[in-house]
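Protein chains: 2
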Amino acid sequence: MTETNNLNSTIQNLSRRELRDLVRTQLQMLLEAGDLQGAKSILVPVQPADIAEAIEGLPEAMHALAFRLLSKDEAIEVYEYLDYSVQERLIEELKSQEVCDIVDQMSPDDRARLFDELPAKVVNRLLEQLSPAERQATAQLLGYEADTAGRIMTLELISLKENLTVSQALERIRNLANASEMIYYLYVMDAARRLTGIVSLRELVTSQPEQIIGEIMTRDVVFVYTDTDQEEVTRLIQRYDFLALPVVDREQLLVGIVTVDDVIDILQQETTEDIYALGGVQSGGDNYFQMNLLEIARKRVVWLLVLLITNTVTGTIIKSQEDLLAKVVTLTAFIPLLTGTGGNVGAQSSTVVIRGMNTDEIRSLGVLQVIGREAIAGALLGGMLGTIATVWAYFLQGRLEVAIAVGTSLVAISILASISGSALPFLFRYLRLDPALMSAPFITTAVDVVGVLIYFNLARVILKL
Amino acid sequence: MTETNNLNSTIQNLSRRELRDLVRTQLQMLLEAGDLQGAKSILVPVQPADIAEAIEGLPEAMHALAFRLLSKDEAIEVYEYLDYSVQERLIEELKSQEVCDIVDQMSPDDRARLFDELPAKVVNRLLEQLSPAERQATAQLLGYEADTAGRIMTLELISLKENLTVSQALERIRNLANASEMIYYLYVMDAARRLTGIVSLRELVTSQPEQIIGEIMTRDVVFVYTDTDQEEVTRLIQRYDFLALPVVDREQLLVGIVTVDDVIDILQQETTEDIYALGGVQSGGDNYFQMNLLEIARKRVVWLLVLLITNTVTGTIIKSQEDLLAKVVTLTAFIPLLTGTGGNVGAQSSTVVIRGMNTDEIRSLGVLQVIGREAIAGALLGGMLGTIATVWAYFLQGRLEVAIAVGTSLVAISILASISGSALPFLFRYLRLDPALMSAPFITTAVDVVGVLIYFNLARVILKL
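Chains as they are written, first to last, in the working numbering: chain A, 1 to 465; chain B, 1001 to 1465.
Don't take each hint at face value.
The calculated SDA-like cross-link candidates involving lysine to any residue, where the alpha carbons are at most 25 Å apart (straight line), are [stated by the list, open to error]:
{"#": "1", "chain 1": "B", "residue 1": "Lys1319", "chain 2": "A", "residue 2": "Leu308"}
{"#": "2", "chain 1": "A", "residue 1": "Lys161", "chain 2": "B", "residue 2": "Glu1203"}
{"#": "3", "chain 1": "A", "residue 1": "Lys327", "chain 2": "B", "residue 2": "Thr1330"}
{"#": "4", "chain 1": "A", "residue 1": "Lys319", "chain 2": "B", "residue 2": "Val1449"}
{"#": "5", "chain 1": "A", "residue 1": "Lys327", "chain 2": "B", "residue 2": "Leu1396"}
{"#": "6", "chain 1": "A", "residue 1": "Lys319", "chain 2": "B", "residue 2": "Leu1463"}
{"#": "7", "chain 1": "B", "residue 1": "Lys1072", "chain 2": "A", "residue 2": "Lys161"}
{"#": "8", "chain 1": "A", "residue 1": "Lys327", "chain 2": "B", "residue 2": "Leu1463"}
{"#": "9", "chain 1": "A", "residue 1": "Lys161", "chain 2": "B", "residue 2": "Pro1045"}
{"#": "10", "chain 1": "B", "residue 1": "Lys1327", "chain 2": "A", "residue 2": "Leu463"}
{"#": "11", "chain 1": "A", "residue 1": "Lys161", "chain 2": "A", "residue 2": "Val205"}
{"#": "12", "chain 1": "A", "residue 1": "Lys327", "chain 2": "B", "residue 2": "Thr1316"}
{"#": "13", "chain 1": "A", "residue 1": "Lys327", "chain 2": "A", "residue 2": "Arg399"}
Since the hints were made in silico from the structure, they are not lab data. Quantities reported herein were computed from a predicted structural model and do not represent experimental measurements.
All chains, full assembly: derive it from the sequences and hints.
This is the structure in structure tokens:
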């Protein structure tokens, strides 16, 4: 007891990060020295998430050895926190029976997500070895489409009947708690398993023991369907500050719940996908920093090739104006300024519009209002930048006509970029394509190609060529 | 009862979004007709978050009128869900006493966040009118720095002593539940208010009534300090799948908790800031789609001006090569391709590195490893793109030397872009500047300026000019 307390007071003075590093280095030392008993004992007071990270930090050859130190219950918990690549390696290295025990005890939603990552051959082998009930639960989850509520829900929930008393309900919770991921919300169903209400453990604990569930439950239940998109699920949980959301099928029968911890993970995963897409990197749910480099190059090259073609078009237009450029060579110097600024204005507009779509901040504005606002903002920006660019170009080159051509082109390009930057995401959403992924190449194309055409034509008019 | 059931079954068949629209249009109709009683009754079965959205959707002149329909308890709940701009307007329009009642009853963390948004004059007036206890709580929260755990925590928590029995603890929870935001985690403190353990309501409910808290509590408590950055708080909650995290001061005394619903909001707000920064838009926490357009132009123009200067530098370099370009005009046509591709490769690298920093996915790799990986990926990409560009340029222009100059430049530029794209975010983090905001302009500058220099010099060598 005293020893544990000492360890605890040491732990309390370290940041979690320092603690994790300490556990990892000690674990590695003890394993290298062959002191399995010592290695086992240092893991006892550590949180499963931290054990998982310590194992991930070890050399690959030690993963299975370290994992075998854990008790069976601990092993299951720790396993769920490991990266998919480590989970996959462990499946190959552990004995068939060990794997089977762990996978059988995982919660069905975590298992379904693991199975998504594993090769089909391994999944089939594992499915065969699961107990019938677990096999059925997993198959049910795997039957729903990826990225829907059905796929991310857990089947472990506690349901109540309306006519129970509070004390009967608490008794039921006590009995079922071990088999349930979430016991803070209880779901009330009628005889047909239709969801009729919801009651929180908080309400149960603060109610009189003899009160009837039907009287204290909330009837206006917020729920989703099995095929509701996971982004919508996260929006609802976030909006109502819930800890879980019930999932029903088309007959309104309760089939599962989505919990807030999964929602945070999804939020992060979806955000990474959006940010990658905006940055021109395809994502596949894997950790970028663990992918091999050829895979990375493959995920990045497609988008670059699209833009290579775009840039060639721009280049060809520039080349077609050789006569103009030969007469006024100084016009060439401003091409990067015009296409660069146009690209940046367009990127700004598409960034705020795409983010606004995902967070629902746009909600109160219509599509035309958004585009109109961006067009005006683009005109304001173009006005400021155009004025500065005119003065700057005159100062640099000393030819007023060229400076005016640059300035007026910049105004036109800013408006064009704002409109295409805000309109194209809506178009792609309407066409059911991912706006974050599709917008950038098309905006760049529009702005570059149309932009240089505007510039050359304005220059011809203003310079009277 | 039957009426409510009918309404409920209607509600059940609508999506939440349809429901919200229905409530808003009906509410507006009834208010316009002057039927306050009718308006009041349609709001009764609706969730506070939905009422808030319905009010936001009304014409501004109706906001105060609609808000006054709510009972006092409801008003407080709904108020916390309203946008800051609407909250602010209501403070101006409602009578001083009404405002005071609402603000006094808000939870301290929500109130502190509202006060951050209000003009100092209004905050001082409101602070004066708060009850002494609430004033002290708010002042305490406002005393912590923005974006720290201290600022976002709530002071409402339930603490227990180690020597209580489970049934005594449950009795205490029953008594304190109404004044507490979170009753699912209970915090165990010693006589000096030092945090010694944590026990969940789940553990209490499933334990025997006569068990002692000290025996069932978890002693390895994950906690943060009042000055821990809010991003670190969200990472910990996400990592351990907690519903709340205790906050202690430097003497390890428990001062508050951060709850998971706040963490989701922060996650979203931080993500929006990151995405905006990556897209070149300054953010200030306000909703972009409610800002006025001049404000928007101001937030976007700074970054554009920086890039305008960058682009001018590139332009000047191009102009300095007039002799070369006059001799081989066709070289000009490939400038957009080279700078464009370089910019895109750099953006890809900085996107994944910045996101990796924020999600901690980089954790196991060192800085040099990350940069090295990106450099190799850049070389692979450059190799693919350079080969294609060489063939493509030869096909377009028919001069092999020009095509080779373009291809080799592209390889060099890809490597340069990958290295600067991955190294600059680390440099900015080290200098305590926001990598997401600072990286893009500097990467563009490096890639454009150095890129065209590489191109022109390679062209001179290869074309023997």
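Outcome of the hint check:
no.: 1; hint: Lys1319/B with Leu308/A; result: 24 Å, holds
no.: 2; hint: Lys161/A with Glu1203/B; result: 23 Å, holds
no.: 3; hint: Lys327/A with Thr1330/B; result: 15 Å, holds
no.: 4; hint: Lys319/A with Val1449/B; result: 22 Å, holds
no.: 5; hint: Lys327/A with Leu1396/B; result: 23 Å, holds
no.: 6; hint: Lys319/A with Leu1463/B; result: 19 Å, holds
no.: 7; hint: Lys1072/B with Lys161/A; result: 32 Å, violated
no.: 8; hint: Lys327/A with Leu1463/B; result: 24 Å, holds
no.: 9; hint: Lys161/A with Pro1045/B; result: 22 Å, holds
no.: 10; hint: Lys1327/B with Leu463/A; result: 24 Å, holds
no.: 11; hint: Lys161/A with Val205/A; result: 17 Å, holds
no.: 12; hint: Lys327/A with Thr1316/B; result: 18 Å, holds
no.: 13; hint: Lys327/A with Arg399/A; result: 13 Å, holds
Going through the hint list in order, the structure does not satisfy hint 7, though it satisfies all others.
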